[in-house]
Amino acid sequence: MSAHILPKRIYYTIYGILILCTFLTVQIAFFDLGPLNTIAAIGIAILKATLVILYFMHVKYSSRLTAAVVAGSVFWLAILVALTMTDYLTRAWRTFG
Amino acid sequence: MPEAVRDHSHVPGLAHHFDTLDQQTEATTLGMWVFLVTEVLFFGGLFTVYTVYRSWYPGAFAAASHELDITLGTINTAVLITSSLTMALAVHAAQLGERRTLLIFLAATMLLGGVFLGIKGFEYYHKFVEHHVPGSSFQFEQEYFRHAQIFFSLYFMMTGLHALHMVIGFGIMLVMFWWAWKGTITLEYYSPIEISGLYWHFVDIVWIFLFPLLYLIGRHAH
Amino acid sequence: MASSTLLIPPRHYLNDGYGIKSWLLTRDHKRIALLYLAGVTLFFFVGGAMAVLIRIDLATPPGDLVTDETYNKLFTMHGVMMVFFFLIPAIPAVLGNFLVPIMIGAKDLAFPKLNLFSWYIYIVGGLFTLYALVSGGVDTGWTFYTPFSTVASTTNVIPTALGIFITGFSSILTGLNFIVTIHRMRAPGMTWFRMPLFLWSIYATSLINVLGTPVIAITVLLVAAERIFHFGFFDPRVGGDPVLFQHLFWFYSHPAVYIMVLPAMGVVSELVAAGCRKPVFGYPFVAFASLGIAVLGFLVWGHHMFVAGESVYSALIFSILSFLVAIPSAVKVFNWTATMFKGAVSWETPMLYAYGFIGLFTIGGLTGLFLATVAVDVHVTDTYFVIAHFHYIMVGGTIMGYLGGVHYWWPKISGRLYNEALAKISAGIIFIGFNLTFFPQFVLGYLGMPRRYHAYPPDFQVLNVLSSAGASILGVGYLIPMIYLMWSLRYGRLAGSNPWGAVGLEWTTTSPPPTENFAETPLVTWDAYDCHAPSESHVA
Amino acid sequence: MPPLFPDAASTMATRVDALYFFLLAISAFFGLLIAGLIVYFALKFHRRTAEQIGARIHGAMSLEIGWTVIPLMITMVLFVWGASVYFAMAYPPEETLNIYVVGKQWMWKFQHLDGQREINELHVPVGRAVKLITTSEDVIHDFFVPAFRIKADVIPGRYVTIWFQATKPGRYRLFCAEYCGTKHSGMIGEVVAMEPSEYQTWLGGGAAEGSLASAGAKLFQDLACNTCHRPDAQGRGPVLEGLFGKTVMLQSGETVTADEAYVRESILQPAARVTAGFQPIMPTFQGLVTEEQLLELVEYIKSLQALPQVQTR
Numbered sequence: 001m002s003a004h005i006l007p008k009r010i011y012y013t014i015y016g017i018l019i020l021c022t023f024l025t026v027q028i029a030f031f032d033l034g035p036l037n038t039i040a041a042i043g044i045a046i047l048k049a050t051l052v053i054l055y056f057m058h059v060k061y062s063s064r065l066t067a068a069v070v071a072g073s074v075f076w077l078a079i080l081v082a083l084t085m086t087d088y089l090t091r092a093w094r095t096f097g
Numbered sequence: 001m002p003e004a005v006r007d008h009s010h011v012p013g014l015a016h017h018f019d020t021l022d023q024q025t026e027a028t029t030l031g032m033w034v035f036l037v038t039e040v041l042f043f044g045g046l047f048t049v050y051t052v053y054r055s056w057y058p059g060a061f062a063a064a065s066h067e068l069d070i071t072l073g074t075i076n077t078a079v080l081i082t083s084s085l086t087m088a089l090a091v092h093a094a095q096l097g098e099r100r101t102l103l104i105f106l107a108a109t110m111l112l113g114g115v116f117l118g119i120k121g122f123e124y125y126h127k128f129v130e131h132h133v134p135g136s137s138f139q140f141e142q143e144y145f146r147h148a149q150i151f152f153s154l155y156f157m158m159t160g161l162h163a164l165h166m167v168i169g170f171g172i173m174l175v176m177f178w179w180a181w182k183g184t185i186t187l188e189y190y191s192p193i194e195i196s197g198l199y200w201h202f203v204d205i206v207w208i209f210l211f212p213l214l215y216l217i218g219r220h221a222h
Numbered sequence: 001m002a003s004s005t006l007l008i009p010p011r012h013y014l015n016d017g018y019g020i021k022s023w024l025l026t027r028d029h030k031r032i033a034l035l036y037l038a039g040v041t042l043f044f045f046v047g048g049a050m051a052v053l054i055r056i057d058l059a060t061p062p063g064d065l066v067t068d069e070t071y072n073k074l075f076t077m078h079g080v081m082m083v084f085f086f087l088i089p090a091i092p093a094v095l096g097n098f099l100v101p102i103m104i105g106a107k108d109l110a111f112p113k114l115n116l117f118s119w120y121i122y123i124v125g126g127l128f129t130l131y132a133l134v135s136g137g138v139d140t141g142w143t144f145y146t147p148f149s150t151v152a153s154t155t156n157v158i159p160t161a162l163g164i165f166i167t168g169f170s171s172i173l174t175g176l177n178f179i180v181t182i183h184r185m186r187a188p189g190m191t192w193f194r195m196p197l198f199l200w201s202i203y204a205t206s207l208i209n210v211l212g213t214p215v216i217a218i219t220v221l222l223v224a225a226e227r228i229f230h231f232g233f234f235d236p237r238v239g240g241d242p243v244l245f246q247h248l249f250w251f252y253s254h255p256a257v258y259i260m261v262l263p264a265m266g267v268v269s270e271l272v273a274a275g276c277r278k279p280v281f282g283y284p285f286v287a288f289a290s291l292g293i294a295v296l297g298f299l300v301w302g303h304h305m306f307v308a309g310e311s312v313y314s315a316l317i318f319s320i321l322s323f324l325v326a327i328p329s330a331v332k333v334f335n336w337t338a339t340m341f342k343g344a345v346s347w348e349t350p351m352l353y354a355y356g357f358i359g360l361f362t363i364g365g366l367t368g369l370f371l372a373t374v375a376v377d378v379h380v381t382d383t384y385f386v387i388a389h390f391h392y393i394m395v396g397g398t399i400m401g402y403l404g405g406v407h408y409w410w411p412k413i414s415g416r417l418y419n420e421a422l423a424k425i426s427a428g429i430i431f432i433g434f435n436l437t438f439f440p441q442f443v444l445g446y447l448g449m450p451r452r453y454h455a456y457p458p459d460f461q462v463l464n465v466l467s468s469a470g471a472s473i474l475g476v477g478y479l480i481p482m483i484y485l486m487w488s489l490r491y492g493r494l495a496g497s498n499p500w501g502a503v504g505l506e507w508t509t510t511s512p513p514p515t516e517n518f519a520e521t522p523l524v525t526w527d528a529y530d531c532h533a534p535s536e537s538h539v540a
Numbered sequence: 001m002p003p004l005f006p007d008a009a010s011t012m013a014t015r016v017d018a019l020y021f022f023l024l025a026i027s028a029f030f031g032l033l034i035a036g037l038i039v040y041f042a043l044k045f046h047r048r049t050a051e052q053i054g055a056r057i058h059g060a061m062s063l064e065i066g067w068t069v070i071p072l073m074i075t076m077v078l079f080v081w082g083a084s085v086y087f088a089m090a091y092p093p094e095e096t097l098n099i100y101v102v103g104k105q106w107m108w109k110f111q112h113l114d115g116q117r118e119i120n121e122l123h124v125p126v127g128r129a130v131k132l133i134t135t136s137e138d139v140i141h142d143f144f145v146p147a148f149r150i151k152a153d154v155i156p157g158r159y160v161t162i163w164f165q166a167t168k169p170g171r172y173r174l175f176c177a178e179y180c181g182t183k184h185s186g187m188i189g190e191v192v193a194m195e196p197s198e199y200q201t202w203l204g205g206g207a208a209e210g211s212l213a214s215a216g217a218k219l220f221q222d223l224a225c226n227t228c229h230r231p232d233a234q235g236r237g238p239v240l241e242g243l244f245g246k247t248v249m250l251q252s253g254e255t256v257t258a259d260e261a262y263v264r265e266s267i268l269q270p271a272a273r274v275t276a277g278f279q280p281i282m283p284t285f286q287g288l289v290t291e292e293q294l295l296e297l298v299e300y301i302k303s304l305q306a307l308p309q310v311q312t313r
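So the sequence lines, in the order shown, correspond to chains L, D, X and B.
One point on numbering: in the numbering used here, the residue at position 40 of the first sequence is 40, and numbering is uninterrupted.
One point on numbering: in the numbering used here, the residue at position 146 of the second sequence is 146, and numbering is uninterrupted.
One point on numbering: in the numbering used here, the residue at position 83 of the third sequence is 83, and numbering is uninterrupted.
One point on numbering: in the numbering used here, the residue at position 120 of the fourth sequence is 120, and numbering is uninterrupted.
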């Protein structure tokens, strides 16, 4: 946390990777890869977000509690999306009534 | 527990009910992270609505997303990532107590935030001109007329809320700039900068997800 | 209990500053707790008055007291007031605010200014909702289902939605405050497993507050956006799905019922431990049951929508998960009952409320199994069976727990003892009135009387009249504590620092406690409810 | 004495009641157990002296496991039994008497296949499975007949099917069980279960203006659907003869069965799921046809099911 000061060049390298990822995800979008498009777009976004969280937000160097809080938010978001989608993905099979 | 410093007057910025500055910094940082959890779920509701309707109406969402200007979207993403960099460097400067670099990077972050909002404003204006705002004046190709309105409702709701958070972030940066300028922020007490940095990075992460979901889907079709 | 500390300390948080400014700008968590007590009591009696009007109206089949329109506004406002302005804030904001810092040996919460700001947000949200009430009311039900709330309703949906949106932030920020305080500001020696169980349940409640409330905030925002800007999220005319609103609404609103009952469970753990002067049976199990309820509570919301058109398979998933969430509650009930075995069981009023809670909450929880069983739920959902179920948990559970907690910590808050005999009588009246009001509704529910009905077929009248009679008894029962508690402020006997002979940091400081709670930060060396703790003020 | 238990007048009612009594038994057992223990302990271990304290008992692992596993087993039994009855409720039998139901703010409108229209009253024969295909014109309503133990929300923009089989003749109350506005409590009616013979006479007697399908056929001409949908596959739209119930290959490569919902959606939102080999040129009829007319068209297309399916080009 306060004690841990990163050297500047880490910030610049992470920044470079982020810009590269942005450029990459835009290019990929122009090729028709079917469902792979969505997976690639979201995968790259997750990679970028993880980089920002770990390095820019110092979670890599802070307490396990902070990491647990971040993991918790992702897990709860997953609960909301996944359980709602269990309804929408199976609704075509059979709805009650 | 070492004999706590009883009188808190000489330790700058230490509130009366905390024993040490470290305890206070850890508490404020944990407080901000818990607040960011609520923001994740706040936007999470919108992502759920997006996921449901995209799975139901892929065609309409792809067609509607074509109306968005991808170059402006990409530029905006790059602008926001750069502002994340300048914010991280501002926190870095605060950690080292370099007041001048801190002020420069805070100003840079605010400038980039302003550029982002400007581009966003232009895109909104473009939508009004094209009649892509849901409601009575909405116009769209006959085939997806009904379902495209859902896409644009989501577009305005998600980017609108994100822009509102950017404006709030801009206000926070102003306060931080003022505190750094008048010296409240010192080598020992800079956690406010760190906290606002966390908030700013979070707003950037939301855009990192908004950009592909709204701009890139079905881009290859045409 | 003639112990030496039987006098009011010269300096304490109540006389540490006088005048309106000292209250409205205070940052002392104890004063903010009393500010919440005032707000919560006001909204309770506003919501309660509506309940009485509803019950009087339902005494006759055609519903002669009020028109259809007014009846719909009455039950909507009863729901909104009770859920968002009484049940959710009551125990965490009043008892939690007062006790969390003291119980962990801290001077105050982690963010005192944020705590006061939360109270102002709560009051502003309340004013918006009161404005909506006085300027014509809202008739969508507290659940404001779409497309009725977005397309068909012409009443004050926006002000009420705004009120709920603003007050939601009060519970988010209070939850955040408690989480950070419990994590970062425990006194030396106060490990997680030496903390009182009340704090475990407040911690679990804060988790739900922080993780759930933002989703109702965005849902309310979407409804408002749909009404103002004609956006099409849930509007079937543009292909939207009204059931999606129900998913987002219940994702918060089911965990919200655990926000309401979990703190009451925490209070009951304290009361049973103090009542029997014995550690709570299976402390770690009761503690982790609170966390279990908080986590599992987020996986079960679909049981509100079994007949709402969700897919058969998702209904089965939600049904099995709903059964799993019942297990931690059962574990708690069994552990409380087991605690009484070989205890020194006292019959003081707070303990009576706790025993009442355990009995009534058991009935509430068991009827929840009827609603989790998909096939029976098809028949009983949206009927008075559901009304009876959740009132057994909210009124029989949370309000009993709240009253028990207020009576138990009243000597610590005010330094005075209330009149024990009068308190026992009012507890008895409340118990009888409650059961007479809500037990007939189980029978009405299985008979098929739908909820939110202004007029009903004549052959349901006898059971409804019974219920209305019970409601008037219950109403009286709730007024009496107001009287003798206020009376005790002036004439009550002095309480001393530990009137119940209980174990806990709050009983080691004076009554009422000084502004900084302790002369100096305590060092904790004993287990949670260890009656042989070395604390000097303990009677034994 | 007021009735304390509803009559059971459908095949499903007895199965739900059995599950209900099982749940009642469990609740009575555990409710009395807990209440009894509390009263007993409160009396037996009542505090005698002010200084008395309880025994130092911290817990017992065996008890904890016991009262976690036993409730878990009971709930799983409940889950399986409940799910099986729920499945039976959700899947109507093959051969059913279909009736269309339209919920509208504060009334129920029924349409029988032979053309009879009823408001707030539904005549059904006993001993035959009846399938109700319901939709709503405005907000969410809920078709609830306590005596049949059936309830399902009626949702605008979608068909929801409910089925039951009456076992006892009689008049049974119908409620709207989802709050829908001012007259929510007035949106009630009656389901009249009659002996099959009586039902036939009632059917005959009704002033039928021709079957639903015939009304649909007339509407099919009036709206000029036949200009594109021709039986000889020369039209610009797909052939509808023999279409209903078959699987349709879509332009996007997916396949979908041509059920009521698909027909209804193709009329209101033609471009959503275009049949393979055809252009999305059909205009939308959203707002041009009412829910009743939609039902007539659906019934007409269903009536074309018997004709042989001509190979589309």
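Check each hint, because a few of them may be wrong.
[As the list claims (entries may be wrong)] Which chain D residues face chain L? A few, computed with CB under 7 angstroms, are given here:
1. His-131
2. Pro-212
3. Leu-214
[Stated by the list, open to error] Computed Cβ-Cβ distance ranges for the label pairs, DEER-style:
4. Phe-229(X) with Ala-78(D): 29 to 35 angstroms
5. Phe-193(X) with Thr-71(D): 31 to 37 angstroms
6. Phe-229(X) with Gln-142(D): 43 to 49 angstroms
7. Met-76(B) with Ile-70(D): 50 to 56 angstroms
[Said to hold, decoys possible] Straight-line C-alpha distance at most 20 angstroms; calculated EDC-like pairs for lysine to aspartate or glutamate:
8. Lys-183(B) with Asp-527(X)
9. Lys-218(B) with Glu-292(B)
10. Lys-60(L) with Asp-19(D)
Just so you know, these hints were derived from the structure itself, not from any lab.
All figures in this text were calculated on a predicted structure; none of them were measured in a lab.
Using N, Cα and C, we set each Cβ at its ideal position, and we do this for glycine too.
A quick look at each hint next to the structure:
1. His-131: Violated: closest Cβ of chain L sits about 26 angstroms from His-131(D), beyond 7 angstroms.
2. Pro-212: holds (4 angstroms)
3. Leu-214: violated (11 angstroms)
4. Phe-229(X) with Ala-78(D): 29 to 35 angstroms: holds (30 angstroms)
5. Phe-193(X) with Thr-71(D): 31 to 37 angstroms: For Phe-193(X) and Thr-71(D) the Cβ distance comes to about 58 angstroms; the hint is violated.
6. Phe-229(X) with Gln-142(D): 43 to 49 angstroms: violated (23 angstroms)
7. Met-76(B) with Ile-70(D): 50 to 56 angstroms: holds (52 angstroms)
8. Lys-183(B) with Asp-527(X): violated (59 angstroms)
9. Lys-218(B) with Glu-292(B): Holds. Lys-218(B) to Glu-292(B) sits at ~14 angstroms (cutoff 20 angstroms).
10. Lys-60(L) with Asp-19(D): violated (27 angstroms)
In summary, the structure is inconsistent with hints 1, 3, 5, 6, 8 and 10 from the numbered list given earlier, while agreeing with the others.
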